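*Asks:* Given next are the chains, with one letter for each unit.
Number of protein chains: 2
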Amino acid sequence: MVKLAIDAMGGDLAPQEIVKGCNLAIGKHEDLELILFGDETQINQYLVPNPRVTVVHAPKKIDMGEEDPIKEIRNNRDTSLVMAFQAIKDKEADGVVTAGPTQAVIVAAHLIIRRIKGMKRVALAPELPFIGGKSRILLDVGANLELRSEHIVQFAQFASIYLRETRNIKEPLVGLLNIGTEKGKGREVDIAAYNLLKEDPYINFYGNVEPKELFTTPCDILVTDGFTGNMVMKTSEGAAKALGQTLKEEISKTLWGKIGYLFMRKNLASFKERLNPDRIGGANLFGVDGIVVKAHGSSEAYAFYNAIIQAKKSVEGQIIDKMKAVLSEVISDEEL
Amino acid sequence: MVKLAIDAMGGDLAPQEIVKGCNLAIGKHEDLELILFGDETQINQYLVPNPRVTVVHAPKKIDMGEEDPIKEIRNNRDTSLVMAFQAIKDKEADGVVTAGPTQAVIVAAHLIIRRIKGMKRVALAPELPFIGGKSRILLDVGANLELRSEHIVQFAQFASIYLRETRNIKEPLVGLLNIGTEKGKGREVDIAAYNLLKEDPYINFYGNVEPKELFTTPCDILVTDGFTGNMVMKTSEGAAKALGQTLKEEISKTLWGKIGYLFMRKNLASFKERLNPDRIGGANLFGVDGIVVKAHGSSEAYAFYNAIIQAKKSVEGQIIDKMKAVLSEVISDEEL
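Heads up: the sequence lines are chains A and B, in that order. Just so you know, the numbering used here puts 49 at position 49 of the first sequence, and the rest follows in order with no gaps. Just so you know, the numbering used here puts 134 at position 134 of the second sequence, and the rest follows in order with no gaps.
Hints were generated in silico from the structure; no laboratory data involved. Be aware that one or more of the hints could be misleading.
Copies of the same chain look alike in the list, so a pair counts if it works inside one copy or between any two.
[As the list claims (entries may be wrong)] Restricting the straight-line Cα-Cα distance to at most 27 Å, the calculated cross-link-like pairs of lysine-lysine (DSSO-like) are: (1) Lys-248 <-> Lys-60; (2) Lys-117 <-> Lys-183; (3) Lys-89 <-> Lys-20; (4) Lys-71 <-> Lys-185; (5) Lys-134 <-> Lys-258; (6) Lys-258 <-> Lys-272; (7) Lys-134 <-> Lys-253; (8) Lys-272 <-> Lys-253; (9) Lys-183 <-> Lys-71; (10) Lys-324 <-> Lys-91; (11) Lys-253 <-> Lys-241; (12) Lys-258 <-> Lys-248; (13) Lys-20 <-> Lys-120; (14) Lys-134 <-> Lys-170; (15) Lys-241 <-> Lys-272; (16) Lys-183 <-> Lys-241; (17) Lys-20 <-> Lys-313; (18) Lys-272 <-> Lys-134; (19) Lys-313 <-> Lys-60; (20) Lys-117 <-> Lys-198; (21) Lys-170 <-> Lys-322; (22) Lys-253 <-> Lys-212; (23) Lys-198 <-> Lys-266.
Owing to the predicted nature of the structure, the values given are computational and were not obtained by experimental measurement.
Produce the complete structure using the sequences and hints provided.
*Replies:* As structure tokens, this is what we get:
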């Protein structure tokens with residue numbers, strides 16, 4: 001049985017879509033228990049009662065536009081987000097799923113759950129849209145602005161364990177995002193990270209990957225610092241949005257275009273669906289001592305359902321224990 | 001009369017497409033003179049003779065895959081690229097256009113033409129594809145890996161002058177690429193650049209721009225360090241390529257899709273054309289004491305023609321003299 005804490009009030013469409021996502025998950029998975037934190041009255045409006053679901057009343061919620069998340073989280077222990085994270089700390093649940101504001105999630109994870117001993121940083125690790133034939137994990141996308149090479153290596157180890165245990169990818173291929181493919185390219189941090197990744201026994205290293213290969217590289221995992229990862233992710237979002245818009249404009253310019261559209265409506269819908277971030281659960285937060293999945297702020301029920309299943313698989317795969325084993329080996333190696 | 005030096009041997013399709021681009025430019029613009037550097041016999045195969053075109057024989061060319069451009073340029077003064085750059089230094093031409101390897105262009109510009117006095121760094125400044133209703137300049141995309149905030153400000157000043165003088169945009173709007181729109185976001189360099197850009201009398205500063213707005217922001221100019229700019233540019237290339245491929249796959253999946261394609265073939269061709277980098281001339285190299293335009297390595301005649309016209313406009317707009325005026329004012333301000 002996997003037990004997850006749910007921040008029922010986080011996200012633009014909370015609590016309705018969040019609770020519906022929970023209903024879906026509970027209906028489909030008999031080995032799942034959920035604890036929903038949030039406004040009891042509102043939650044009960046949408047909740048399908050089930051003995052495997054508990055509701056814990058949280059009188060407050062974190063505002064999506066919160067500008068000072070550290071203060072907010074320190075001073076408001078009775079928000080749904082903080083209470084859900086506290087459940088992990090108190091070992092009442094194995095993982096937490098929230099569609100709350102990213103910065104608040106990162107801060108809450110740090111302050112409440114805390115980092116795994118030996119992990120120097122935490123990383124936010126979303127999955128790229130499923131185009132180019134496979135999905136890929138990109139990290140860090142903004143939990144840290146600047147990183148040292150050894151942080152990047154830990155992230156690559158963690159993401160490798162994640163894919164091995166939750167997706168059955170035996171030896172996930174890791175690429176380092178860089179401005180060129182040759183060894184020796186990039187800033188000092190990139191060159192140092194290249195050398196460490198290449199030597200690391202826990203990592204199947206591919207080499208440098210230019211972001212023009214973001215959706216075509218054979219790599220399963222792409223690592224970089226948080227500033228760069230954030231820029232890369234947002235650029236691909238921006239390009240997809242602009243291209244979609246441009247395509248629409250061009251099609252509606254002529255009558256033939258509009259007629260053509262009628263024929264290929266289903267094809268274009270399927271195209272759009274492949275770019276849909278809701279197909280993917282959410283971003284993992286790697287590095288704290290508990291499973292944390294951050295669903296999209298705009299998550300509807302199905303997206304949130306996917307995020308729940310993602311957290312469930314991470315718990316079942318015992319990815320944190322496996323990362324701890326790597327960390328303790330690396331640390332004892334260093335002590336020799 | 002504008003006089004430009006042309007590296008006739010640079011680029012994947014040189015010299016044929018390069019020379020054809022020159023023929024086009026000479027045919028259309030009576031106030032243009034060109035000096036072509038390269039293999040005389042090969043050039044003359046494609047050249048339409050004209051009194052405004054001179055050919056200067058260069059016995060060698062720089063290899064596209066050259067791994068040590070500094071050594072290559074120092075030791076091979078008789079390559080078409082080096083000789084074309086030397087013509088600027090010797091004041092025989094007002095600007096140079098080349099489709100040669102980017103790193104070699106940057107190195108040659110530094111070693112042969114040299115930086116404008118007071119310019120701390122040079123920037124490679126391409127134009128983004130014309131989607132989202134307007135084109136935009138992005139810089140730096142890789143002439144430098146790391147930059148200080150004052151370098152970014154100089155780039156913004158230079159690009160502002162360029163758009164004002166060559167495109168008649170009165171007050172080009174400058175955005176700083178960043179992970180968030182609020183003031184105070186980003187790394188130290190970004191925060192410092194924000195503050196300087198805001199106060200600069202030569203810059204019409206918009207504020208931070210997240211790359212998800214890359215093709216929708218009202219900004220004409222987007223500034224960042226060379227590593228980040230390179231990643232952003234390559235990500236948008238990669239996303240465009242992958243989306244085009246995915247669209248194709250989806251359309252060819254069903255018969256209706258294929259029929260629809262027949263109707264909207266022209267619309268899709270026009271869509272593709274809007275993403276075509278050949279519509280744009282090439283990247284400007286800002287900061288050296290001469291006009292340098294780097295055309296795409298894969299430039300065909302029309303793309304190279306556009307790059308020539310771009311260089312011509314920069315010469316006519318006297319952008320270097322105008323930047324020198326800004327630099328001397330800023331420098332004397334600092335001396336007060």
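*Asks:* Does each hint hold? Answer for all of them.
*Replies:* Right, here's what the structure says about each hint:
With identical chains, the CA atoms of Lys-248 and Lys-60 are never at most 27 Å apart, being 42 Å at best within one copy and 48 Å at best between copies. In this assembly of identical chains, Lys-117 and Lys-183 lie within 27 Å of each other by CA distance neither inside one copy nor across copies; the values are 32 Å within and 34 Å between. In this assembly of identical chains, the alpha carbons of Lys-89 and Lys-20 lie at most 27 Å apart only when taken from the same copy (26 Å versus 70 Å across copies). In this assembly of identical chains, the alpha carbons of Lys-71 and Lys-185 lie at most 27 Å apart only when taken from different copies (17 Å versus 40 Å within one copy).
Taking the shortest Cα distances, Lys-134 and Lys-258 sit within 27 Å of each other only across copies (24 Å), while inside one copy they are farther apart (31 Å). When the C-alpha separation of Lys-258 and Lys-272 is checked against a cutoff of 27 Å, the pair qualifies both within a copy, at 17 Å, and between copies, at 17 Å. Only between protomers do Lys-134 and Lys-253 lie at most 27 Å apart by alpha-carbon distance; the minimum there is 18 Å, versus 33 Å within a single protomer. Proximity of Lys-272 to Lys-253 under the C-alpha cut-off of 27 Å is found in both arrangements, the shortest distances being 20 Å within a copy and 14 Å between copies.
Taking the closest pair of Cα atoms, Lys-183 and Lys-71 come within 27 Å of each other only across two copies (19 Å); inside a single copy the shortest separation is 43 Å, beyond that limit. Proximity of Lys-324 to Lys-91 under the C-alpha cut-off of 27 Å is restricted to the intra-copy arrangement: shortest distance 17 Å within a copy versus 65 Å between copies. Taking the closest pair of Cα atoms, Lys-253 and Lys-241 come within 27 Å of each other both inside a single copy (19 Å) and across two copies (23 Å). With identical chains, the CA atoms of Lys-258 and Lys-248 are at most 27 Å apart both within one copy (10 Å) and between copies (18 Å).
With identical chains, the CA atoms of Lys-20 and Lys-120 are never at most 27 Å apart, being 37 Å at best within one copy and 57 Å at best between copies. In the homo-oligomer, the alpha carbons of Lys-134 and Lys-170 lie at most 27 Å apart inside one protomer (15 Å), although the nearest pairing across protomers, at 46 Å, exceeds that limit. In this homomeric assembly, Lys-241 and Lys-272 come within 27 Å of each other (Cα to Cα) both inside a single copy, at 10 Å, and across copies, at 15 Å. For the identical chains of this complex, Lys-183 and Lys-241 are inter-copy neighbours only, at 25 Å across copies versus 33 Å inside a copy, given an alpha-carbon limit of 27 Å.
Proximity of Lys-20 and Lys-313 under a CA criterion of 27 Å is satisfied intra-copy only: 20 Å inside one chain copy versus 60 Å between copies. Taking the shortest alpha-carbon separations for Lys-272 and Lys-134, both the intra-copy value of 16 Å and the inter-copy value of 24 Å come in at or below 27 Å. With identical chains, the CA atoms of Lys-313 and Lys-60 are never at most 27 Å apart, being 30 Å at best within one copy and 60 Å at best between copies. When the C-alpha separation of Lys-117 and Lys-198 is checked against a cutoff of 27 Å, the pair qualifies only within one copy, where the shortest distance is 24 Å, while the shortest distance between copies is 43 Å.
For the homomeric pair Lys-170 and Lys-322, the shortest alpha-carbon distance inside one copy (14 Å) is at most 27 Å, but the shortest distance between copies (60 Å) is not. For the identical chains of this complex, Lys-253 and Lys-212 are inter-copy neighbours only, at 25 Å across copies versus 30 Å inside a copy, given an alpha-carbon limit of 27 Å. In the homo-oligomer, the alpha carbons of Lys-198 and Lys-266 never lie at most 27 Å apart, since the shortest distance is 45 Å inside one protomer and 48 Å across protomers.
In this structure, the earlier hints numbered 1, 2, 13, 19 and 23 are contradicted, and the remaining ones agree with it.
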